[in-house]
Amino acid sequence: MKQASLMGAFSLLIRRDLLLAYRRRAEIANPLLFFVLITSLFPLGIGANTKILQAAGPGIIWVAALLAALLSLDSMFRSDFEDGSLEQFMLSAHPVSLLVVAKVTAHWLVTGLPLLAIAPLLGVLLALPGQAIAVLFATLVLGTPILSLIGAVGVALTVGLRRGGVILSLLVLPLYVPVLIFASSAVDTAAAGLPVTAQFYILGAMLILALSVAPLATAASLRISLS
Amino acid sequence: MRDDSTRLEAIELECIRDDRVLFSNLEFTLTSGEMLLLEGRNGSGKTSLLRILCSIRLPDAGRVTWCGQDIQRLGPDYHAHIAYVGHRDGIKQDLTPQENLRMAQALGKPSPDNDIDGVLDGFGLYGFEDVPTRNLSAGQQRRLALARLRVTDSSLWILDEPFTSLDRHGIGVFESMMADHTAQGGMIVLTTHHRVTTHDTPVHRINLSA
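First to last, the sequence lines map onto chains A and B. Quick note on numbering: the first sequence equals residues 1 to 227 in our numbering. Quick note on numbering: the second sequence equals residues 1001 to 1210 in our numbering.
These are calculated hints, taken from the structure and not from any lab test. Hints may contain errors.
Distance windows between CB atoms, simulated [said to hold, decoys possible]:
#1 Pro1112/B <-> Leu41/A: 53 to 63 Å
#2 Arg163/A <-> Ser1111/B: 38 to 48 Å
#3 Pro1112/B <-> Ser227/A: 25 to 35 Å
#4 Ser1111/B <-> Ser11/A: 14 to 24 Å
#5 Ala220/A <-> Asp1018/B: 22 to 32 Å
#6 Glu27/A <-> Ile1011/B: 42 to 52 Å
All C-beta atoms, glycine included, are put in the ideal place defined by N, C-alpha and C.
Taking the hints into account, I'd like the entire structure generated from these sequences.
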């Protein structure tokens, strides 16, 4: 009974956040547009030199994905904090860390998934070879949830501050760097035709670590922000 | 489930805000069927006390116990018994009243008998159930926030100025709802500047600025 109602709350929370995102479509389009714009400006700026584009491509796409993720983070808890919904989550009969997982999942579905869908196209734009594009997609599948999970901790810590934006990026960006390094290295290596298992193992390990630690840390941070 | 052993106890509570002691050595015991009315000037710590009782805020000294156990340790097991309506409504403006209540119900322990449409009807929101909440008036939004109390099965209601922006009729309806709740063995802690009609409920009063 208890288990069933927890699953009910979990799925209802995801559905609620997706519904809210749908009713504010314009806002969620922003990070995606930003991602596409940055990436597509590079070929214009650098020129149609395929060699340079190919070399810089993985880094460009990943840096843009990272900044787009950062841009979208604030929306994760901001409105819930302002209208008091967050207090109600903290007073829920269910463990807050699991509600956090639901919030992060919804956030990733809204901001991470569209990046995945559009990234292969941008890979073509940057003249990446086919097999590198496949690897790029795979690194984004593993990497963007890490960005959302780590970001959740940062947002939870800064949501109570009036101008938390700068602190948020200072807090979160250093933690994003390992993801950036291993993900773009994987794409580079794949473009050179070498095996990329090592990078995938590390990204997978980071995802599992983030998945197990970040929800607890986020719940604790939210408690601090509210008290 | 609701019997005389259900009790909320505050033991030597102290709250300090910006180096000012708002209250210290505050003690009270609230048992099943009773109401606690907090009074005091603006800024005397009423909201802070309510937030401490909800376990959102930590007291600077002392502790709060529920049936003899510290509420900080009980966590979700305590939260299953309480419902809090604060200054901030906890209502999503982009969702309809129905969607809002469904979420509130899922977060707590759903009440066995009350269906959401019935609750909305009881609060005079029938016919508004699928209008986005932002299109409702301030009074209607407050009614919706209070309606949250009825969709979960919580024995302790913690209310921060529940009568704000309610009309006279709404105040009357809610007062009798509070009386019903305590008559069934529930407990209520509230702050208000209105004169509350409490019917037959035994009322404790604490004045924080005294």
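Structure-based check of each hint:
no. : hint                               : result
1   : Pro1112/B <-> Leu41/A: 53 to 63 Å  : holds (59 Å)
2   : Arg163/A <-> Ser1111/B: 38 to 48 Å : holds (41 Å)
3   : Pro1112/B <-> Ser227/A: 25 to 35 Å : holds (33 Å)
4   : Ser1111/B <-> Ser11/A: 14 to 24 Å  : holds (20 Å)
5   : Ala220/A <-> Asp1018/B: 22 to 32 Å : holds (24 Å)
6   : Glu27/A <-> Ile1011/B: 42 to 52 Å  : holds (46 Å)
Every hint from the earlier list agrees with this structure, and none is contradicted.
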